[in-house]
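Protein sequences appear in the order of chains A and B. Throughout the first sequence, residue numbering follows numbering that gives the first Met the number 0, covering 0 to 63 in sequence. Throughout the second sequence, residue numbering follows numbering that gives the first Met the number 0, covering 0 to 319 in sequence.
Since the hints were derived computationally from the structure, they do not count as laboratory data. Keep in mind that a hint or two might mislead.
Here are the simulated DSS-like cross-link-like pairs (lysine-lysine), alpha carbons at most 30 Å apart as the crow flies [stated by the list, open to error]:
#1 B/Lys234 - B/Lys198
#2 A/Lys25 - B/Lys216
#3 B/Lys207 - A/Lys49
#4 B/Lys268 - B/Lys246
Derived contacts from chain A toward chain B, CB cut-off under 7 Å, selection only [said to hold, decoys possible]:
#5 Asn29
#6 Asn39
#7 Leu41
#8 Asp52
#9 Gly63
From the three backbone atoms N, C-alpha and C, an ideal C-beta is built for every residue, glycine too.
This is what each chain is made of:
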Amino acid sequence: MPKVHLEKENKTVNVQAKTIAELLKKLKLNPTVCLVTVNNELVTGQYKIKSRDKIKILPVVSGG
Amino acid sequence: MRFQQQIIFEKIGAEGQKKLQKSTVCILGLGALGSRAAELLTRAGIGTLILIDRDVVELLNLQRQTLYTEQDLNLPKVYQAAIHLKQINSKIKIKPFFKDINYTNIESFVKGDLVLDCTDNLETRFLLNEHCLEKEIPWIFSSVLGSIGMLFNIIPKKTPCFSCIFSEPEDILGTCDTEGILNTTPTLISALQVTEAIKILTKQPYAKELLYYDLWKHKLTKTKIKKNPKCNACKGKYSYLNGEKNKEVIKLCGTNSYQLKGYKPDLKKTAEKLEKIDKVIVNDYCLLFKELTILKDGRVLIKAKSEKEAKELYSKYLGD
Ligand SMILES: [Zn+2]
Chain A
0 MPKVHLEKEN KTVNVQAKTI AELLKKLKLN PTVCLVTVNN ELVTGQYKIK SRDKIKILPV
60 VSGG
Chain B
0 MRFQQQIIFE KIGAEGQKKL QKSTVCILGL GALGSRAAEL LTRAGIGTLI LIDRDVVELL
60 NLQRQTLYTE QDLNLPKVYQ AAIHLKQINS KIKIKPFFKD INYTNIESFV KGDLVLDCTD
120 NLETRFLLNE HCLEKEIPWI FSSVLGSIGM LFNIIPKKTP CFSCIFSEPE DILGTCDTEG
180 ILNTTPTLIS ALQVTEAIKI LTKQPYAKEL LYYDLWKHKL TKTKIKKNPK CNACKGKYSY
240 LNGEKNKEVI KLCGTNSYQL KGYKPDLKKT AEKLEKIDKV IVNDYCLLFK ELTILKDGRV
300 LIKAKSEKEA KELYSKYLGD
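Produce the complete structure using the sequences and hints provided.
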């Protein structure tokens with residue numbers, strides 16, 4: 000099962016999902032308020048998750 | 000002799016210092032990030048600064064907006080910043096604009112060799128992105144919240160753009176009201192932003208990744224970004240710049256306030272009317288009354304929990 004690191008909460012969870020879009024749905028995260036990286040590269044919802052992928056979720060921050 | 004120690008630094012040198020002296024940098028937003036960046040650039044010997052901001056200094060700002068003091072309260076940030084910056088370096092040219100930037104006026108004000116994005120909302124950044132793509136002006140995105148900051152260099156024709164990374168939020172984003180902010184966060188992110196600015200202005204290699212820094216965890220995350228083939232802005236489709244996405248009510252970050260447009264104020268007459276209800280403070284730029292700040296240019300900033308409440312307060316005090 001792919002491991003996902005939630006950067007803001009600083010915790011790692013296991014989530015079964017085929018794509019990033021499915022993964023975010025399971026985590027109840029709206030794709031427009033976070034950035035998802037796989038092996039330190041930004042990916043979109045269509046990305047198909049591979050077994051060894053290192054997935055990170057970063058929050059979008061907008062203050063100044 | 001003022002810049003001697005910066006010239007000795009091998010990455011800048013006399014040539015680099017000359018380039019900085021000839022440069023014009025536009026800073027959009029003079030809050031925590033922008034006021035800090037303005038100070039650092041002034042000290043570094045930038046020739047000209049264009050400063051743009053729509054707010055006045057509030058007590059809440061003093062926790063993190065290091066350029067301002069209690070003497071600046073209720074006065075426009077851009078004018079007070081200009082005074083302080085001139086005291087630091089009397090030779091710098093400063094063009095302050097107390098303006099709300101939108102699709103109708105961005106072309107007249109946002110210019111220069113480089114733009115620093117120090118705004119507090121995504122809408123303005125999408126607009127800035129399209130403007131800078133069209134005019135081919137490099138810009139540096141920066142943002143902060145809590146102990147987290149983000150930074151990305153956007154160079155038209157060379158790097159991916161802001162819309163390649165971010166999309167319009169369909170859920171509530173955290174704000175400084177709901178999640179707070181450490182005053183060290185904007186200080187660090189400004190330092191990173193100004194460092195990148197110096198690299199870009201002196202034509203040296205700059206950071207290509209999206210930087211995400213969490214000060215509390217002391218952790219830097221670098222993310223590689225590719226151009227998004229579905230990005231409309233990269234294809235020249237500018238929906239913010241052509242006004243399609245223009246909103247009359249904007250949620251501002253930092254003070255739980257909303258901005259409503261369209262009030263045509265006679266500050267004196269409005270003051271006379273409102274004084275019958277409660278205390279009013281008026282100066283040359285704005286009128287302060289309860290949860291309302293009425294600005295001379297027709298904008299009204301309202302502290303409220305929701306857009307609905309803001310509109311209600313607006314019509315309660317400023318409606319007919
Ligand atoms: Zn793009």
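Hints, one by one, checked against the model:
no.: 1; hint: B/Lys234 - B/Lys198; result: 28 Å, holds
no.: 2; hint: A/Lys25 - B/Lys216; result: 26 Å, holds
no.: 3; hint: B/Lys207 - A/Lys49; result: 26 Å, holds
no.: 4; hint: B/Lys268 - B/Lys246; result: 28 Å, holds
no.: 5; hint: Asn29; result: 4 Å, holds
no.: 6; hint: Asn39; result: 6 Å, holds
no.: 7; hint: Leu41; result: 5 Å, holds
no.: 8; hint: Asp52; result: 14 Å, violated
no.: 9; hint: Gly63; result: 4 Å, holds
Hint 8 from the list above is the single one not met by this structure.
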